[in-house]
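Please arrange chain D on chain Y, whose structure you already have, making use of the hints.
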Amino acid sequence: MEEKKDFQKIEEKFNWKKDDLLPDEAFASKLEQELIRQAQATTCQAKPNRASLVWGALAVAMAALFLAILIIGPQKVYARLQKLFGYVENFGVVSSETPLRVLKKEVTQSKEGITLRVSEALLGDDFTRIHYAFEGEKLAGEVITAMPGEDSCRERGEIVLSDGRVIGISEPIPEDENRVELRFACIPDAVMGKAPEGWSVWLEFEAAPEGMQVHQVRSLVTETREPIRVTETLPETEIQTERPEATAELTPAPVEEELVLKIKEYVETDVSYILHLVIESYIPNGWTLMTGIPKILDANGTELVLQFPDGKFELLSPIEPRNDGEYTQHDSWTLEISKQNLALPLRIQLESVSFVPLMQEALPKESFVSLDLGQAQVNSAFIVDKTVLLEGEVIVIDNVTVTEYGYQLSTRIEGKLNAFDLEVEECNGVGGGGPGMGWFDPPSHDFSVFCSNSPLPREITLKLSNATKRLDPRQWQEEWSPE
Amino acid sequence: MRTMQDHTEIDISQLVQDTRRDPKHFGTLYCLYLNRVYAYILGLVRNHQDAEDLCSETFITALKSLNQLRDPNRFVSWLFSIARNKCMDYFRSSVRNNQRLVREDVVFEELIEPQNGLQDKKFLVQELLKKLNQDEKELILWKYFAELTFGEIAEILNVPVSTVKSRIYRILERMSASLED
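Sequence lines, in order, name chains Y and D.
Each residue of the first sequence is one higher than the one before, counting from 1 in this note's numbering.
Each residue of the second sequence is one higher than the one before, counting from 1 in this note's numbering.
This is chain Y alone, in the form it adopts within the complex (with noise of 0.2 Å):
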């Protein structure tokens, strides 16, 4: 106790000027943004897939392969140019300046109907890569689909060398150990206590065959850094938009868009082109989405069959901020198409779409709204109803809950309003919050709002704004030809 009042004692004699460190706040918008994007793309990856729970009871039930992929920074992999480095199907792109090791053979455990099989491992200096299935007629239905209140199991597995260490999977396994121990505490992804847990498996490792194939990675990456221009091309039939009466009076000023499609690297085996396929796009205080997957045709405008190899080329950085204080995004694809009578130049083509503040000259960019919630407690929920508009556009106020952490508000929207932030002005800290831009299912949008006021107020005053659209889809094209 004497203590912390020495410290607060000290404490207080000086200014913390913590003011002086606070983040720019078209920064955080951006990178929530991305987040609000990753989250998206990491919910998908999550859902259950429908036909791998069909196929469960028959066969493979759940493959929970898991590549484990040592992210390496650019002025790393260049550095390491001279030493080996290479594409080596099903582990992607590797740098070691160890030779590469690999599974003696395969290994497998089976226990009460499913069978952890590790099939494939590669090593090298900074890196383990390990292929591993568990697979089971038990594992579907409900063995993998957590109910509410159910527990999935996180874990990714562990490695146990000689002298008891343990590290992660995707860890780098020192150069004189060739036996290690695999342990999963559970199955990943299984709901626990519903599938067999505590798995063990040992691991022999050998020096990689000297015919192993490690292809060049080309890289076409200039010093420039000129941008290639894009083609764009018109979109075949005219895009509606869900309610075009709705944004009928609604004059956009001209936005510049810029997007650069390239292939920063690529691989050639001997059937194939893998493709490292990099999106730099660019909206004046916007952000764009790609949409579905990139499309390549042949000279011939036959479209190619697409794979997605295992394995990736080096991770970009997400955004990267320009000279004018705004941020050039990235996106890339890493992709396989077959050389068998294969018709050069390929074109490349993918859609995306962006999102935009609305600004509407000569309108108010906030709206409030005053709801009275009366003894409200955790859990009480209200229907709204209320229809308030902002820049012109309808936002409907359909009901509010009080949470756990403050109030949940489902709202809906109309026309091409895609997005508003939300905050209750009576709450403390962080009291509101909004999708960000670039958020794909409207017209519905759901609020968090996070209130730590105790209690919690009773008649609140909801602020509606930073308003933005979604603009028309625009589709792109790059011709490319290997070296």
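Some hints here could point you the wrong way.
[Said to hold, decoys possible] Label-pair ranges, simulated between beta-carbon atoms:
(1) D:174 <-> Y:192: 47 to 53 Å
(2) Y:102 <-> D:127: 55 to 61 Å
(3) D:134 <-> Y:216: 51 to 57 Å
(4) Y:99 <-> D:134: 33 to 39 Å
(5) Y:209 <-> D:166: 29 to 35 Å
(6) D:104 <-> Y:323: 14 to 20 Å
(7) Y:209 <-> D:68: 31 to 37 Å
(8) Y:99 <-> D:71: 36 to 42 Å
(9) D:68 <-> Y:323: 35 to 41 Å
(10) Y:193 <-> D:162: 38 to 44 Å
(11) D:160 <-> Y:368: 48 to 54 Å
(12) D:104 <-> Y:99: 44 to 50 Å
(13) Y:378 <-> D:104: 43 to 49 Å
(14) D:11 <-> Y:396: 28 to 34 Å
Hints are computed from structural coordinates only; laboratory data are not their basis.
Remember, it's a predicted structure, so these values are computed and weren't measured experimentally.
Idealized CB from N, CA, C, for every residue including glycine.
Using the frame of chain Y, we list chain D on its own:
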């Protein structure tokens, strides 16, 4: 409204578990910790552009790796450990590439000044702050700008709480003594 106010009443551990079930909850963790993580990073690297890059990398890594966090109660120290690793990589890379800081938006020594009435001692405090090593600066940034608890700092550094307390106390004592000279 992104402010670092009282979030002790929010159950972070529960929020982490919610986020594991549905990554969209990560937005809440982001709002709660953005300012604190940014303050720490900016205090260390001293220019906004690099701080923004490192802060982006920190949160994106955290979002992607949340499932690897064994104990949700340790989210805060885990998040700051990621930020710290990013900063260390940044410094290592700068040294390796012989890069020098081209722009200094923030001067560490100017982040702390004597309260009113002792402004004439500002220079002495600044001289003392200049002499702090990187570890000591980090402790100050964590405690007074990122507002971590002693326990959270101890978890990041993997040292006993008492060690963290005594280290910070010694720095404060020196700062305080400079006012009395």
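Comparing the hints with the structure gives:
no., hint, verdict
1, D:174 <-> Y:192: 47 to 53 Å, "50 Å, holds"
2, Y:102 <-> D:127: 55 to 61 Å, "59 Å, holds"
3, D:134 <-> Y:216: 51 to 57 Å, "41 Å, violated"
4, Y:99 <-> D:134: 33 to 39 Å, "37 Å, holds"
5, Y:209 <-> D:166: 29 to 35 Å, "57 Å, violated"
6, D:104 <-> Y:323: 14 to 20 Å, "18 Å, holds"
7, Y:209 <-> D:68: 31 to 37 Å, "32 Å, holds"
8, Y:99 <-> D:71: 36 to 42 Å, "38 Å, holds"
9, D:68 <-> Y:323: 35 to 41 Å, "36 Å, holds"
10, Y:193 <-> D:162: 38 to 44 Å, "39 Å, holds"
11, D:160 <-> Y:368: 48 to 54 Å, "51 Å, holds"
12, D:104 <-> Y:99: 44 to 50 Å, "45 Å, holds"
13, Y:378 <-> D:104: 43 to 49 Å, "48 Å, holds"
14, D:11 <-> Y:396: 28 to 34 Å, "31 Å, holds"
When held up to the earlier numbered hints, the structure conflicts with 3, 5 and fits the remainder.
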